[in-house]
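Enquirer: Below are the chains, spelled out letter by letter.
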Amino acid sequence: MSAITASTGTAYAGVLGIGSYRPRRVVPNSEILEQIDSSDEWIQTRSGIKERRWADDDETVLMMSVNAAKDALKDAGIEPAQIGCVIVATVTHLYQTPAIATRIAVEVGAPTAAAFDISAACAGFCYGVAMANDMVRGGSAKYVLAIGVERLSDLTDRTDRSTAFIFADGAGAAIVGPTEEPGIGPVVWGSDGTQYQVISQKESWQEAAGSYNWPHLRMDGNPVFRWASFEMAKTAQQALDVAGVKAEDLDLFVPHQANMRITDAMRRALKLPEHVKVARDIERQGNTSAASIPLAITAMRESGEAKSGDLALIIGFGAGLVYAAQVIRIP
Amino acid sequence: MASTEEIRSSLAEIVNEIAGIPVEDVQLDKSFTDDLDVDSLSMVEVVVAAEEKFDVKIPDDEVKNLKTVGDAVAFIERAQNG
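From first to last, the protein sequence lines are chains Y and P. In terms of the UniProt record's numbering, the first sequence opens at residue 1 and continues consecutively. In terms of the UniProt record's numbering, the second sequence opens at residue 1 and continues consecutively.
No lab work stands behind these hints: they were computed from the structure. Remember, it's a predicted structure, so these values are computed and weren't measured experimentally. Hints may contain errors.
To be verified - Simulated restraints, written as ranges between beta carbons of each label pair:
1) P:28 / Y:96: 55 to 61 Å
2) P:40 / Y:231: 17 to 23 Å
3) P:28 / Y:25: 47 to 53 Å
4) Y:34 / P:22: 35 to 41 Å
5) Y:26 / P:5: 49 to 55 Å
6) Y:231 / P:39: 19 to 25 Å
Said to hold, decoys possible - Below are the DSSO-like pairs computed for lysine-lysine, each with C-alpha atoms no more than 27 Å apart in a straight line:
7) Y:142 / Y:74
8) Y:271 / Y:234
9) P:53 / P:64
10) Y:246 / Y:271
11) P:57 / P:30
12) Y:271 / P:53
13) Y:271 / P:57
14) Y:307 / Y:74
15) P:53 / Y:234
16) Y:271 / Y:307
17) Y:246 / Y:234
18) P:53 / P:30
19) P:64 / Y:234
20) Y:50 / Y:307
21) Y:202 / P:64
22) P:53 / Y:246
23) P:30 / P:67
24) Y:277 / Y:74
25) Y:234 / P:57
26) P:67 / P:57
27) Y:277 / Y:246
To be verified - Beyond 12 Å from chain P on every Cβ pair, some chain Y residues (computed):
28) 27
29) 36
30) 96
31) 106
32) 134
33) 158
34) 160
35) 202
36) 222
37) 223
38) 246
39) 284
In this text, a Cβ means the ideal position worked out from N, Cα and C, and glycines have one as well.
Next comes chain Y alone, as it looks inside the complex (with noise of 0.2 Å):
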């Protein structure tokens, strides 16, 4: 009888390069307010978002997907050829099947890589990012490429108040790969499908079929605000004891870009002190779900607010409940 080869991977991994795109068009405060009561300081005070994107008929998922993937292949110097898994974290690629991630794979220059879409929602990049982390110290793929890309604006009723000014476009991705040193922390991750009613896609494909309306996203603020502040606060510190990594010694807090003051509610229950920088992204980029953590971590790098080598904790929670926290080395 032979026995069964098992795979070996690298002892460590890390994100060895970050990309993102960001949609032409800007969609100030005012334009929302055109189909719903309320106001520009209304929607600040609320949510922090002063302008959003959202994409052009040709900025698809997939076309947004492509540039990011090849921004992040640029930074992290590595071929497209060598990415051995593609995952995509997205709700808004509107086919069940097949994936967007094989096509991706196809425009990156990497057509035979495994490829393959998730659906954790604004947890997508953390969740992304970890399965990658164990692919490659598992030996099942070298250089994983982990997307986060949504088209939310297809999916927003521009005419609901409480939502219709929170979602945006965008797409980010990461290239995880083999690293002396270990790059990403354990994951803290879950999920509370309790509380599956809370943010919601409203209607079914099969109860929109026929009519004109397509189904449309859904969200109970407070409760959302309640258990994304203090529940995930937790879990943020909770990644950062996994990681051995103390408050002071972290540089930089990118938390899921949901809103503002989720932001803030977290930062202080978390006690960081005065030196962590935070992400804001939100007030230019709206809340893009699994694309968000990507986008604010390039933006703060063009702002030169993050270095190379600086220690980031990311934390991504949303539908489902799920959500995944890690502490990365930015590379």
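Starting from the known structure of chain Y, arrange chain P on it as the hints suggest.
Expert: Chain P alone, transformed into the frame defined by chain Y:
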């Protein structure tokens, strides 16, 4: 058990920390939204902080009934005694 005044005073400190309202303004007859400008999200934060401080549970359904500082103090008193 804490007195009404002790609860009001501790609650005033919470409201001050979260919403920046001067503690002396947080009186029993004041409305959170109309007088103190505490919006719905800040109210969630006040409720969570109050739950920890006073070791009580304030359900989401109950929060909308807490219109004044006095309503909140009375709820906390009842919850502590119950």
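Enquirer: Could you run down the list of hints and mark each one as holding or not?
Expert: Against the structure, the hints come out as follows:
1. P:28 / Y:96: 55 to 61 Å: holds (57 Å)
2. P:40 / Y:231: 17 to 23 Å: holds (18 Å)
3. P:28 / Y:25: 47 to 53 Å: holds (50 Å)
4. Y:34 / P:22: 35 to 41 Å: holds (38 Å)
5. Y:26 / P:5: 49 to 55 Å: holds (52 Å)
6. Y:231 / P:39: 19 to 25 Å: holds (21 Å)
7. Y:142 / Y:74: Within the cut-off at roughly 17 Å; holds.
8. Y:271 / Y:234: holds (11 Å)
9. P:53 / P:64: At roughly 20 Å apart (the allowed maximum being 27 Å), residue 64 of chain P and residue 53 of chain P satisfy the hint.
10. Y:246 / Y:271: With Cα atoms ~11 Å apart, residue 246 of chain Y and residue 271 of chain Y stay inside 27 Å; holds.
11. P:57 / P:30: Given pair residue 57 of chain P, residue 30 of chain P holds - Cα atoms ~22 Å apart, limit 27 Å.
12. Y:271 / P:53: holds (17 Å)
13. Y:271 / P:57: Holds, because 23 Å separates the two Cα atoms, which is no more than 27 Å.
14. Y:307 / Y:74: holds (17 Å)
15. P:53 / Y:234: It holds: about 17 Å lies between the C-alpha atoms, which stays within 27 Å.
16. Y:271 / Y:307: holds (23 Å)
17. Y:246 / Y:234: holds (14 Å)
18. P:53 / P:30: Between residue 53 of chain P and residue 30 of chain P the Cα gap is close to 21 Å, so the pair holds against 27 Å.
19. P:64 / Y:234: holds (26 Å)
20. Y:50 / Y:307: Holds, at roughly 26 Å.
21. Y:202 / P:64: Roughly 24 Å separates the two Cα atoms, so the pair holds.
22. P:53 / Y:246: holds (26 Å)
23. P:30 / P:67: holds (8 Å)
24. Y:277 / Y:74: holds (26 Å)
25. Y:234 / P:57: Distance ~18 Å between residue 234 of chain Y and residue 57 of chain P Cα, so the pair holds.
26. P:67 / P:57: holds (17 Å)
27. Y:277 / Y:246: holds (15 Å)
28. 27: Non-interface label on residue 27 of chain Y holds, nearest chain P Cβ at 23 Å vs cutoff 12 Å.
29. 36: Non-interface label stands for residue 36 of chain Y: nearest chain P Cβ at 17 Å, farther than 12 Å.
30. 96: holds (34 Å)
31. 106: holds (44 Å)
32. 134: holds (34 Å)
33. 158: Answer for residue 158 of chain Y: holds, closest chain P Cβ roughly 22 Å.
34. 160: At about 16 Å from chain P, residue 160 of chain Y clears the 12 Å cut-off, so the statement holds.
35. 202: holds (20 Å)
36. 222: violated (5 Å)
37. 223: For residue 223 of chain Y, whose nearest Cβ neighbour in chain P is about 6 Å away, the distance does not exceed 12 Å, so it is violated.
38. 246: Check passes; 23 Å lies beyond 12 Å.
39. 284: Residue 284 of chain Y is indeed farther than 12 Å from all Cβ atoms of chain P, at 21 Å.
Taken one by one, the earlier hints fail for this structure at numbers 36, 37, listed in ascending order.
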